[in-house]
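Trainee: Protein chains in written order, with our numbering: chain C, 1 to 497; chain S, 1 to 497.
Everything labelled a hint here was simulated from the structure, so no lab data went into it. One or more of the hints may lead you astray.
Identical copies look the same in the list; a pair holds intra-copy or inter-copy alike.
[Unchecked claim] Restricting the straight-line Cα-Cα distance to at most 16 angstroms, the calculated cross-link-like pairs of lysine to aspartate or glutamate (EDC-like) are: (1) Lys228 / Glu192; (2) Lys228 / Glu189; (3) Lys276 / Asp204; (4) Lys57 / Glu138; (5) Lys281 / Asp204.
There are 2 protein chains.
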Amino acid sequence: VPVLLLAFQVGLSSQDLAMFSVLCISQAAAKIDVDFDYDGPLMKTEVPGPRSRELMKQLNGIQNAEAIHFFCNYEESRGNYLVDVDGNRMLDLYSQISSIPIGYSHPSLMKLLQQPQNLSTFVNRPALGILPPGNFAEKLKDSLLSVAPKGLNQVVTMSCGSCSNENAFKTIFMWYRNKERGHVGVTKEELETCMINQTPGCPDYSILSFMGGFHGRTMGCLAATHSKAIHKLDIPSLDWPMAPFPRLRYPLEEFVKENRQEEARCLEEVEDLIVKYRKKKKVVAGIIVEPIQSEGGDNHASDDFFRKLRDIARKHGCGFLVDEIQTGGGCTGKFWAHEYWGLDDPADVVSFSKKMMTGGFFHKEELRPNAAYRIFNTWMGDPSKNLLLAEVMNVIKREDLLNNATHAGKVLLTGLLDLQALYPHLISRARGRGTFCSFDAPNDATRTKLIAIARNKGVVLGGCGDRSIRFRPTLIFRDHHAHLFLNIFSDILADFK
Amino acid sequence: VPVLLLAFQVGLSSQDLAMFSVLCISQAAAKIDVDFDYDGPLMKTEVPGPRSRELMKQLNGIQNAEAIHFFCNYEESRGNYLVDVDGNRMLDLYSQISSIPIGYSHPSLMKLLQQPQNLSTFVNRPALGILPPGNFAEKLKDSLLSVAPKGLNQVVTMSCGSCSNENAFKTIFMWYRNKERGHVGVTKEELETCMINQTPGCPDYSILSFMGGFHGRTMGCLAATHSKAIHKLDIPSLDWPMAPFPRLRYPLEEFVKENRQEEARCLEEVEDLIVKYRKKKKVVAGIIVEPIQSEGGDNHASDDFFRKLRDIARKHGCGFLVDEIQTGGGCTGKFWAHEYWGLDDPADVVSFSKKMMTGGFFHKEELRPNAAYRIFNTWMGDPSKNLLLAEVMNVIKREDLLNNATHAGKVLLTGLLDLQALYPHLISRARGRGTFCSFDAPNDATRTKLIAIARNKGVVLGGCGDRSIRFRPTLIFRDHHAHLFLNIFSDILADFK
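Construct all of the structure, not just a fragment, from the sequences and the given hints.
Mentor: Right, here's the structure in full:
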């Protein structure tokens, strides 16, 4: 109260005053997320409510708005709770397609925005590849390099996930071509033919991907994506090899032998494709894989499968690109899902985005571009995202959020397995690592219905694959949130007709 | 002073205090940019200076840093002046590869960041395609739609320029395929073959581009880019047609007939390629062109050339995609460079990024995707950039910055033509529209030397093509900045050995 009074006396505007009160609130609430998180869902209308439906109509005049779930009030959203424009408050287990690391309106991030020395970073977006700010390397060290995967000490930032994979592909192509060249320099023919999209300047290299994989929607990424037809229909593509991804049978402990055979079959196919594509002069320069196929339906394979796949890549000289865009950032209980493989040399390149707030990729020094401007674009990411990420890293460490993901994930998965035992006609193949969990509904229609009912009961869920429901909560999703969800969902299943 | 005293009395931290003083400064300086712009360059070291060189070494441990010009102090940069970490203050005529619309640290943008109601937009980045904020459509109307090109009432936002063109291509491919299909639905064969990258699901469509054009560096964009070998070498590409872009002779008034013939030759080649590619079953679904080829060397063609090209696209049923990523945003004196063509139906799609702060593209309603999730990704742009852009639009209108670009550009180009008359062995083909000007140096070595000398005299310039120097100042570059530059540059040319 004295602050307000004095502020008026010195002639501050109501705007400055609002700023003041925000400062005070965030300082009071900064310590633990319990203080800023809501204590449960609160529903006022069905979702989408009348205001959302009105806004949908308005947006649909500007662009195809058919994918919109509802409109949000982000100012009121906090912690694990997403508030919509009709005043409904929902426990968010989807977190913007897995892209909100430490919940909505986290006090540490709100505070960061209020620090005068940070304003410039949000207003003056530079061309990072030529004119970075003085603290660029320092912020990379505080944020991305503090979690660099084993053996990968180089990092490049990009604006989104697709650009990250596209540039990871390019990095692999250039590295592979330089290996082929050996000590021979670039020829005049290469320089001339590349300008007109022809070999040898533009070699006929390929990236091997897996059926069910998703790596983005720009043309290079899309050629490696095989999750849903709607992503790929009508878009020209490239003749790149695609291998089957293991389709494991659950419960895993009952199908050990069958699953081992299934994984061996897929690995054999990978090697066959590498040989076949080399023969037809479409050399496989790299292999891209997700540690858990996410968009494609939360398809898991064993750590042993990935260790063997990594060996195959090394044996054939292919760059090994692990796409951690959805799995990375701590939600599996390790910072990177590939850490579960227990390898000293897990990858040549690891791409990231989403929860990392900036896109980009790590790579080995060996894959470093040999000249300026080869991996380049105007923005090369955004330092304001690096700033936010550095603070997110602080919060993850300070609050031990990886262990939290392991623990809360265990509560969640145990609960799902219990519900699966009770409702086997509605839930099967419950699976997951950390909070990165999922289960299968019997079919798409039931899945869609379950998601809609849950939403009207105050829980936001997302689907993936042709019938799965995936859990992608924030890193501050705690045991009690898992219990809250399980109670609500248990009632839904009991009433489901 | 009373504010500070009182602040101390109520126990505010030095951080809160710093916030206060920023508030006061920006409020005092908000009216016109003269108040916040510096009054000239101020050089303390050569550039890059010792601190920049030290930071380069540090960054080079993390990524290839060979493209870095120098490191910047963005907190101290204001208006048209870029300040580096060694305390050098330079008049910036390159503005982060043409991506700073209204100068550094513009008071209106600084103020925006300080408004408490805006904090959430910077902290809570949503998945815009499914869960947009309540004001999403409103902010699009305030910003992008307020400058929608003629006939294009649909807009989609993206995170960067490459993603914008990639998705513009996809929009054209889907539209073209639907035209071909007519009333026949999507077949089972299409749905199956698209999953494995094959026709008919992934049709063998192409995009026609021009030699010298630049449209980005992801694989689809790169297949349409033909400016420099270093961008394309070692990256697999697509067999897409590329037409010659007119190489005009200067001064234009002396070569009217020759230039007309040159443009006719290029247009004829475009039509030939469309026919040829249709015959080899690589149907040209779209044509992409920049109103001024920017990265490729500021290559201009006449308005008549573009009008005829637009007609050819229409005649052959190809989508006409105008890439305004570098030319858009007002620097040519019109908001979009294609407005100079004077057409009622200038394009089917217009892509943007850079000065627009967000990537994206406008398109006709006819090209609207016919289902959800076809043009989609996690972020679909960034509402915090839309917020900044809406304020940039206000400033552009309030300060009449399009007319300013026309006027300041006239001063600049007139001066360049004068210098060209005086130093024809150093300057040729001076050209431009608005402040979007350029000239040719006799060769790459001289160009590089001129840029380096200018930088040490306090002027940041950029190159393009194989020997051009391009001017890409902000929209608040005024007549007096043009005179300032011309005086400095005149001395440089007089002393040049």
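Trainee: Flag every earlier hint the structure violates by its number, smallest first.
Mentor: none
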